[in-house]
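Number of protein chains: 2
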Amino acid sequence: MAKDLKTKARAGELVTAHGKVMTPVFMPVGTQASVKAMTPEDLYKVGTEVILGNAYHLYLRPGVELIASLGGLHEFMNWKSAILTDSGGFQIFSLARMRDITDEGVIFRSHLDGSKHFISPEDSIRIQRSLGSDILMVFDECIPHPANYEYAENSMKLTINWAKRCLEEYQTNKKEGTALFAIIQGSTYKDLRTQCTEELLKLNFDGYALGGLMVGEPVETTYEIISHTAPGLPEDKPRYTMGIGLPEDIFRCVAEGVDMFDCVVPTRNARNGCLFTHKGKVIIKNSKYTKDPHPIDSDCECYTCQNFSRAYLRHLFMSGEILACILNSIHNLHFYIQLMKKIRQAIQKGEFFDYWQCFLATQNEHSMN
Amino acid sequence: MAKDLKTKARAGELVTAHGKVMTPVFMPVGTQASVKAMTPEDLYKVGTEVILGNAYHLYLRPGVELIASLGGLHEFMNWKSAILTDSGGFQIFSLARMRDITDEGVIFRSHLDGSKHFISPEDSIRIQRSLGSDILMVFDECIPHPANYEYAENSMKLTINWAKRCLEEYQTNKKEGTALFAIIQGSTYKDLRTQCTEELLKLNFDGYALGGLMVGEPVETTYEIISHTAPGLPEDKPRYTMGIGLPEDIFRCVAEGVDMFDCVVPTRNARNGCLFTHKGKVIIKNSKYTKDPHPIDSDCECYTCQNFSRAYLRHLFMSGEILACILNSIHNLHFYIQLMKKIRQAIQKGEFFDYWQCFLATQNEHSMN
Numbered sequence: 155m156a157k158d159l160k161t162k163a164r165a166g167e168l169v170t171a172h173g174k175v176m177t178p179v180f181m182p183v184g185t186q187a188s189v190k191a192m193t194p195e196d197l198y199k200v201g202t203e204v205i206l207g208n209a210y211h212l213y214l215r216p217g218v219e220l221i222a223s224l225g226g227l228h229e230f231m232n233w234k235s236a237i238l239t240d241s242g243g244f245q246i247f248s249l250a251r252m253r254d255i256t257d258e259g260v261i262f263r264s265h266l267d268g269s270k271h272f273i274s275p276e277d278s279i280r281i282q283r284s285l286g287s288d289i290l291m292v293f294d295e296c297i298p299h300p301a302n303y304e305y306a307e308n309s310m311k312l313t314i315n316w317a318k319r320c321l322e323e324y325q326t327n328k329k330e331g332t333a334l335f336a337i338i339q340g341s342t343y344k345d346l347r348t349q350c351t352e353e354l355l356k357l358n359f360d361g362y363a364l365g366g367l368m369v370g371e372p373v374e375t376t377y378e379i380i381s382h383t384a385p386g387l388p389e390d391k392p393r394y395t396m397g398i399g400l401p402e403d404i405f406r407c408v409a410e411g412v413d414m415f416d417c418v419v420p421t422r423n424a425r426n427g428c429l430f431t432h433k434g435k436v437i438i439k440n441s442k443y444t445k446d447p448h449p450i451d452s453d454c455e456c457y458t459c460q461n462f463s464r465a466y467l468r469h470l471f472m473s474g475e476i477l478a479c480i481l482n483s484i485h486n487l488h489f490y491i492q493l494m495k496k497i498r499q500a501i502q503k504g505e506f507f508d509y510w511q512c513f514l515a516t517q518n519e520h521s522m523n
Numbered sequence: 155m156a157k158d159l160k161t162k163a164r165a166g167e168l169v170t171a172h173g174k175v176m177t178p179v180f181m182p183v184g185t186q187a188s189v190k191a192m193t194p195e196d197l198y199k200v201g202t203e204v205i206l207g208n209a210y211h212l213y214l215r216p217g218v219e220l221i222a223s224l225g226g227l228h229e230f231m232n233w234k235s236a237i238l239t240d241s242g243g244f245q246i247f248s249l250a251r252m253r254d255i256t257d258e259g260v261i262f263r264s265h266l267d268g269s270k271h272f273i274s275p276e277d278s279i280r281i282q283r284s285l286g287s288d289i290l291m292v293f294d295e296c297i298p299h300p301a302n303y304e305y306a307e308n309s310m311k312l313t314i315n316w317a318k319r320c321l322e323e324y325q326t327n328k329k330e331g332t333a334l335f336a337i338i339q340g341s342t343y344k345d346l347r348t349q350c351t352e353e354l355l356k357l358n359f360d361g362y363a364l365g366g367l368m369v370g371e372p373v374e375t376t377y378e379i380i381s382h383t384a385p386g387l388p389e390d391k392p393r394y395t396m397g398i399g400l401p402e403d404i405f406r407c408v409a410e411g412v413d414m415f416d417c418v419v420p421t422r423n424a425r426n427g428c429l430f431t432h433k434g435k436v437i438i439k440n441s442k443y444t445k446d447p448h449p450i451d452s453d454c455e456c457y458t459c460q461n462f463s464r465a466y467l468r469h470l471f472m473s474g475e476i477l478a479c480i481l482n483s484i485h486n487l488h489f490y491i492q493l494m495k496k497i498r499q500a501i502q503k504g505e506f507f508d509y510w511q512c513f514l515a516t517q518n519e520h521s522m523n
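So the sequences go chain by chain: A and B. My numbering applies: residue 155 is where the first sequence begins, and numbers increase by one. My numbering applies: residue 155 is where the second sequence begins, and numbers increase by one.
Among these hints, one or two may not hold up.
As the list claims (entries may be wrong) - Below are the BS3-like pairs computed for lysine-lysine, each with C-alpha atoms no more than 27 Å apart in a straight line:
#: 1; chain 1: B; residue 1: 356; chain 2: A; residue 2: 270
#: 2; chain 1: B; residue 1: 199; chain 2: A; residue 2: 190
#: 3; chain 1: B; residue 1: 356; chain 2: B; residue 2: 190
#: 4; chain 1: A; residue 1: 199; chain 2: B; residue 2: 199
#: 5; chain 1: A; residue 1: 445; chain 2: B; residue 2: 190
#: 6; chain 1: B; residue 1: 495; chain 2: B; residue 2: 162
#: 7; chain 1: B; residue 1: 270; chain 2: A; residue 2: 442
#: 8; chain 1: B; residue 1: 270; chain 2: A; residue 2: 234
#: 9; chain 1: A; residue 1: 174; chain 2: A; residue 2: 329
#: 10; chain 1: B; residue 1: 442; chain 2: A; residue 2: 270
#: 11; chain 1: A; residue 1: 190; chain 2: B; residue 2: 162
#: 12; chain 1: B; residue 1: 442; chain 2: A; residue 2: 190
#: 13; chain 1: B; residue 1: 234; chain 2: A; residue 2: 199
#: 14; chain 1: B; residue 1: 190; chain 2: A; residue 2: 190
#: 15; chain 1: B; residue 1: 190; chain 2: A; residue 2: 199
#: 16; chain 1: A; residue 1: 162; chain 2: A; residue 2: 442
#: 17; chain 1: B; residue 1: 445; chain 2: A; residue 2: 270
#: 18; chain 1: B; residue 1: 318; chain 2: B; residue 2: 328
#: 19; chain 1: B; residue 1: 433; chain 2: B; residue 2: 495
#: 20; chain 1: A; residue 1: 445; chain 2: B; residue 2: 391
#: 21; chain 1: B; residue 1: 234; chain 2: B; residue 2: 496
#: 22; chain 1: B; residue 1: 234; chain 2: A; residue 2: 445
#: 23; chain 1: B; residue 1: 496; chain 2: B; residue 2: 445
#: 24; chain 1: B; residue 1: 344; chain 2: B; residue 2: 391
#: 25; chain 1: B; residue 1: 496; chain 2: A; residue 2: 190
#: 26; chain 1: B; residue 1: 157; chain 2: A; residue 2: 445
#: 27; chain 1: A; residue 1: 442; chain 2: B; residue 2: 190
#: 28; chain 1: A; residue 1: 329; chain 2: A; residue 2: 344
#: 29; chain 1: A; residue 1: 439; chain 2: B; residue 2: 190
#: 30; chain 1: A; residue 1: 190; chain 2: A; residue 2: 391
#: 31; chain 1: B; residue 1: 157; chain 2: B; residue 2: 311
#: 32; chain 1: B; residue 1: 445; chain 2: A; residue 2: 329
#: 33; chain 1: A; residue 1: 439; chain 2: B; residue 2: 496
#: 34; chain 1: B; residue 1: 445; chain 2: A; residue 2: 234
#: 35; chain 1: A; residue 1: 442; chain 2: A; residue 2: 344
Stated by the list, open to error - Simulated coverage check for chain A against chain B, where a stretch passes if three residues somewhere in it have a Cβ under 8 Å from a Cβ of chain B:
#: 36; segment: 218 to 224
#: 37; segment: 438 to 449
#: 38; segment: 452 to 464
#: 39; segment: 468 to 479
#: 40; segment: 497 to 507
Simulated from the structure, these hints should not be mistaken for lab results. Every residue, glycine too, gets a C-beta built ideally from N, C-alpha and C.
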């Protein structure tokens, strides 16, 4: 593992049954067994080594038994590299209607059809195992912001209890080559985060994630919690900040020693015509691009930038063409994954801090045009 | 040119400045400078040799001057093979609001924003030339069905007059390597079709299209008109039935000696989950495909069939994933273009009639499952 001297950034690798993953890594989100508007070929071409699948969504539709009967999620969606699955916790608390939390698990109603379901921590592990996930996440309660101390404390204790049960279920029927990550909760209370970390470390998970962040708290609070918590995590285990984030967020987290990231931003923004470059964002519907013959980013080597002008991409977007979603998604994911590659190289060369500052300094160029 | 013995089918080739096109050929429709949900790479991979661009749509958005300033439609959309452009006539009469037809041309309002425009036959040729079209179409009046004889006759005469003006404008600034096709009108009146054909033949166009068909008339009337008109067309010029059609329509037209086809059906049906196979249509949302591990068509060599199950495609469709549009469009266009290849081979081997009958006989297999 390479370590930066000026920050806590580190570069390493994860070994999975579906290939090596170089860290820090960005995982495109494939909610419904598809990274939106991308074929698996498109994903390989932009350099994707691992994607995220959503247990909650796949459990509801098309159903876990169906996916298992067709050989698992890799086979189902024809994805040959690694898959990390979330546990469903976050979606149950953000998407599902009506929730009833007990020590045993959660009763909830589907956001699709209102049907009633119960998921226990053990169920969540069984679901993720049936999907054939390479990296499984524990089932956690993800509470909103703000949460009072008592609620946050009780929830954190519940999450620890559930993590133990997840680990037990995971180990009982362990599938070689897989990993189980714990999720640290505790809202914005540092002492709760510390307590949660200490309890979870005792259980010796394969990796540690920070959950319950970017749920409405001020961004500086997010980073206070990350700065506070990350140093307490074991050096030799991967660290993952769930749902983060924008490129500038990724830099800050990497500087705190975080290794893994996922976020819907590159694909969602692509569909909304917001394109990332090393010189800032290109809002493709902007009229200044109407006749612009240049690619989104003249330094970019993605299929979109090698073949299409901003004028064409603007036209596709304004015309509501599906090809706009495709080409924009290819560009944004290529940008994210190349960014991670550059971050890794910078860490290895001991230049991460400079690269970060340089990135921030050039981010406003487009908006100043 | 190869000719079938049992039917009037023929196999030949068109030479354009952007490559050879083997006929009979199907041209995917790229209305707004994009064949919906397909990248140019996807189009090449399924074997596309020529696409259709819509002058009316491109004139309104993004505008012809813009496309010309960016090097023309080929460059704009990064399409390296041939492009046929329609003249805008059909869309002005089917899409635009408020029309006022004079001998001079047509005043109409945009279907996008209600803005007022005037297009003359000469304008239509200038527009298509500016787009950089390989095969241009004359500007015609496309009348609805039913139309009374007097209206159809006057309209046919107007179309002939406009065709002359188009030819004059085309020849005045002729671009080498391009072709101009005439469009035969005359509604469902055989004598008007004959008269229109004779007048247009005198002008010696590079190819001849049948327009004003499949606009609501009974399908047998469509074929009566085609059977009546096609034999009167010169042997050595390409023949094109505009906007046709379904696979079974293509067989019938090929049997009448037609060489060129375009239709939105393969791409539109793809987006609606209706998939073509040699054993009939697969309606992918059908519950019988829920757990089906097989490809759409086990004999199909397209990217979709080589990599994805019906169960997965059904899931994508039911979940509203963009990838459903992409994978379904790849399959349907591959089917159409392979179908044309098989038709050409059958003609060359003198087996077209048998292939046609065999195709029809196997079309109901899926619905009988």
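Here is what the structure says about each hint:
{"no.": "1", "hint": "356(B) / 270(A)", "in the structure": "violated (74 Å)"}
{"no.": "2", "hint": "199(B) / 190(A)", "in the structure": "holds (22 Å)"}
{"no.": "3", "hint": "356(B) / 190(B)", "in the structure": "violated (38 Å)"}
{"no.": "4", "hint": "199(A) / 199(B)", "in the structure": "holds (17 Å)"}
{"no.": "5", "hint": "445(A) / 190(B)", "in the structure": "holds (22 Å)"}
{"no.": "6", "hint": "495(B) / 162(B)", "in the structure": "holds (17 Å)"}
{"no.": "7", "hint": "270(B) / 442(A)", "in the structure": "holds (25 Å)"}
{"no.": "8", "hint": "270(B) / 234(A)", "in the structure": "violated (54 Å)"}
{"no.": "9", "hint": "174(A) / 329(A)", "in the structure": "holds (18 Å)"}
{"no.": "10", "hint": "442(B) / 270(A)", "in the structure": "holds (25 Å)"}
{"no.": "11", "hint": "190(A) / 162(B)", "in the structure": "violated (47 Å)"}
{"no.": "12", "hint": "442(B) / 190(A)", "in the structure": "holds (25 Å)"}
{"no.": "13", "hint": "234(B) / 199(A)", "in the structure": "holds (22 Å)"}
{"no.": "14", "hint": "190(B) / 190(A)", "in the structure": "holds (16 Å)"}
{"no.": "15", "hint": "190(B) / 199(A)", "in the structure": "holds (22 Å)"}
{"no.": "16", "hint": "162(A) / 442(A)", "in the structure": "violated (41 Å)"}
{"no.": "17", "hint": "445(B) / 270(A)", "in the structure": "holds (23 Å)"}
{"no.": "18", "hint": "318(B) / 328(B)", "in the structure": "holds (15 Å)"}
{"no.": "19", "hint": "433(B) / 495(B)", "in the structure": "holds (17 Å)"}
{"no.": "20", "hint": "445(A) / 391(B)", "in the structure": "violated (39 Å)"}
{"no.": "21", "hint": "234(B) / 496(B)", "in the structure": "holds (24 Å)"}
{"no.": "22", "hint": "234(B) / 445(A)", "in the structure": "holds (21 Å)"}
{"no.": "23", "hint": "496(B) / 445(B)", "in the structure": "violated (31 Å)"}
{"no.": "24", "hint": "344(B) / 391(B)", "in the structure": "holds (21 Å)"}
{"no.": "25", "hint": "496(B) / 190(A)", "in the structure": "violated (34 Å)"}
{"no.": "26", "hint": "157(B) / 445(A)", "in the structure": "violated (48 Å)"}
{"no.": "27", "hint": "442(A) / 190(B)", "in the structure": "holds (25 Å)"}
{"no.": "28", "hint": "329(A) / 344(A)", "in the structure": "violated (35 Å)"}
{"no.": "29", "hint": "439(A) / 190(B)", "in the structure": "holds (19 Å)"}
{"no.": "30", "hint": "190(A) / 391(A)", "in the structure": "violated (30 Å)"}
{"no.": "31", "hint": "157(B) / 311(B)", "in the structure": "violated (33 Å)"}
{"no.": "32", "hint": "445(B) / 329(A)", "in the structure": "holds (25 Å)"}
{"no.": "33", "hint": "439(A) / 496(B)", "in the structure": "violated (43 Å)"}
{"no.": "34", "hint": "445(B) / 234(A)", "in the structure": "holds (21 Å)"}
{"no.": "35", "hint": "442(A) / 344(A)", "in the structure": "violated (47 Å)"}
{"no.": "36", "hint": "218 to 224", "in the structure": "holds (count 3)"}
{"no.": "37", "hint": "438 to 449", "in the structure": "holds (count 3)"}
{"no.": "38", "hint": "452 to 464", "in the structure": "holds (count 4)"}
{"no.": "39", "hint": "468 to 479", "in the structure": "holds (count 9)"}
{"no.": "40", "hint": "497 to 507", "in the structure": "violated (count 0)"}
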